[in-house]
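2 protein chains.
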Amino acid sequence: MEKKSKSRRQFFKTGLAAAAFINLGTLAKATEKKGMKKNMFIHHVYFWLKNPDSKEDFQKLIKGLEALSKVSTIQTFHIGKPATTNRDVIDRSYSVSWMLIFENGVDQESYQKDPTHLKFVADCSMLWSKVIVYDSVDV
Amino acid sequence: MEKKSKSRRQFFKTGLAAAAFINLGTLAKATEKKGMKKNMFIHHVYFWLKNPDSKEDFQKLIKGLEALSKVSTIQTFHIGKPATTNRDVIDRSYSVSWMLIFENGVDQESYQKDPTHLKFVADCSMLWSKVIVYDSVDV
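Protein chains in written order, with the working numbering: chain P, 20 to 158; chain Y, 20 to 158.
Think of the hints as simulated: they come from the structure by calculation, not from any bench. Even glycine gets a Cβ: it sits at the ideal position worked out from N, Cα and C. Be aware that a few hints might be false.
[Said to hold, decoys possible] Every beta carbon over 10 Å from chain Y, so not counted as near; a handful from chain P, in silico: (1) 122; (2) 138; (3) 143; (4) 148.
[Stated by the list, open to error] With a Cα cut of at most 25 Å, we get these calculated DMTMM-like pairs of lysine to aspartate or glutamate: (5) Y:149 - P:157; (6) Y:100 - P:107; (7) Y:74 - Y:110; (8) P:69 - Y:157; (9) Y:89 - Y:142; (10) P:79 - Y:157; (11) P:79 - P:142; (12) P:69 - Y:110; (13) P:53 - Y:126; (14) P:138 - P:126; (15) Y:89 - Y:122; (16) P:57 - Y:75; (17) Y:69 - P:110; (18) P:100 - Y:142; (19) Y:149 - Y:72; (20) P:89 - P:122; (21) P:89 - P:126; (22) P:132 - P:122; (23) Y:89 - Y:76; (24) Y:53 - Y:126; (25) Y:149 - Y:76; (26) P:132 - Y:110; (27) Y:69 - P:157; (28) P:149 - Y:110; (29) Y:56 - P:122; (30) Y:149 - P:107; (31) Y:100 - P:128; (32) Y:149 - Y:128; (33) Y:149 - P:110; (34) P:100 - Y:75; (35) P:138 - P:85; (36) P:100 - Y:157; (37) P:149 - Y:157; (38) P:56 - Y:110; (39) P:149 - P:76; (40) P:138 - P:128.
Given only the sequences and the hints, what does the whole structure look like? Please build it.
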């Protein structure tokens, strides 16, 4: 029993040291959490549906984007719709927002040519009447 | 010596257990790394400078955005410029991209009224001729 208990104490002691170590790492990360990782490539696409009131077309596009999100070079994605905010400068006329973050421009180029992307365009491009893409890199 | 050595072995043994635990956590995270945290609020702003060729005005706007990035409710920000990509659907006429991620819409509303934001508008709004905002939430 004593041995087990000692071992447990040792575990908790080492565990605390490990926890302190992890926490320092987290804190270091927290101080820089606001800025994104350097040199990422942001690819933000806005789609306007041909039939903006069709829930079916909207769902088809969402399903297509969910399948598209599997492309391996995509680091982060977000499938969005307009928020309820409404001011003069806000464009809330689009149907779907598709925001992708890549490690770099090369990965974004590779995504453009990926068979999954080509299939998405073939399957879904008849759904939209307009698309605007904004590609951004670090200033 | 033996005691120290045993203690070290114990440390490494526990350390390995801890490492395995952390690794499981990382793996769990990796499987869902592509999708963003649920229910975030994405506020993406594109600025067109009045004098798009003025490096001084560009730098003034960047400095203003860097100061603005200190607003506490901002979870992540990115200050960008157009990438070199150039296709029909890409709008690369803007000068600066300002992408913010908030925990929710309430935090975004609070950012709009934050004194730091009001100061940014007062200090920098004379620099741009056009601004478009896209606010997106989960579908």
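Structure-based check of each hint:
{"no.": "1", "hint": "122", "verdict": "holds (12 Å)"}
{"no.": "2", "hint": "138", "verdict": "holds (18 Å)"}
{"no.": "3", "hint": "143", "verdict": "holds (14 Å)"}
{"no.": "4", "hint": "148", "verdict": "holds (12 Å)"}
{"no.": "5", "hint": "Y:149 - P:157", "verdict": "holds (21 Å)"}
{"no.": "6", "hint": "Y:100 - P:107", "verdict": "holds (23 Å)"}
{"no.": "7", "hint": "Y:74 - Y:110", "verdict": "holds (21 Å)"}
{"no.": "8", "hint": "P:69 - Y:157", "verdict": "holds (21 Å)"}
{"no.": "9", "hint": "Y:89 - Y:142", "verdict": "holds (16 Å)"}
{"no.": "10", "hint": "P:79 - Y:157", "verdict": "holds (16 Å)"}
{"no.": "11", "hint": "P:79 - P:142", "verdict": "holds (9 Å)"}
{"no.": "12", "hint": "P:69 - Y:110", "verdict": "holds (20 Å)"}
{"no.": "13", "hint": "P:53 - Y:126", "verdict": "holds (14 Å)"}
{"no.": "14", "hint": "P:138 - P:126", "verdict": "holds (18 Å)"}
{"no.": "15", "hint": "Y:89 - Y:122", "verdict": "holds (15 Å)"}
{"no.": "16", "hint": "P:57 - Y:75", "verdict": "holds (23 Å)"}
{"no.": "17", "hint": "Y:69 - P:110", "verdict": "holds (20 Å)"}
{"no.": "18", "hint": "P:100 - Y:142", "verdict": "violated (31 Å)"}
{"no.": "19", "hint": "Y:149 - Y:72", "verdict": "holds (15 Å)"}
{"no.": "20", "hint": "P:89 - P:122", "verdict": "holds (15 Å)"}
{"no.": "21", "hint": "P:89 - P:126", "verdict": "holds (14 Å)"}
{"no.": "22", "hint": "P:132 - P:122", "verdict": "holds (16 Å)"}
{"no.": "23", "hint": "Y:89 - Y:76", "verdict": "holds (21 Å)"}
{"no.": "24", "hint": "Y:53 - Y:126", "verdict": "holds (24 Å)"}
{"no.": "25", "hint": "Y:149 - Y:76", "verdict": "holds (14 Å)"}
{"no.": "26", "hint": "P:132 - Y:110", "verdict": "holds (20 Å)"}
{"no.": "27", "hint": "Y:69 - P:157", "verdict": "holds (21 Å)"}
{"no.": "28", "hint": "P:149 - Y:110", "verdict": "holds (12 Å)"}
{"no.": "29", "hint": "Y:56 - P:122", "verdict": "holds (19 Å)"}
{"no.": "30", "hint": "Y:149 - P:107", "verdict": "holds (11 Å)"}
{"no.": "31", "hint": "Y:100 - P:128", "verdict": "holds (18 Å)"}
{"no.": "32", "hint": "Y:149 - Y:128", "verdict": "holds (21 Å)"}
{"no.": "33", "hint": "Y:149 - P:110", "verdict": "holds (12 Å)"}
{"no.": "34", "hint": "P:100 - Y:75", "verdict": "violated (36 Å)"}
{"no.": "35", "hint": "P:138 - P:85", "verdict": "holds (13 Å)"}
{"no.": "36", "hint": "P:100 - Y:157", "verdict": "holds (6 Å)"}
{"no.": "37", "hint": "P:149 - Y:157", "verdict": "holds (21 Å)"}
{"no.": "38", "hint": "P:56 - Y:110", "verdict": "holds (24 Å)"}
{"no.": "39", "hint": "P:149 - P:76", "verdict": "holds (14 Å)"}
{"no.": "40", "hint": "P:138 - P:128", "verdict": "holds (16 Å)"}
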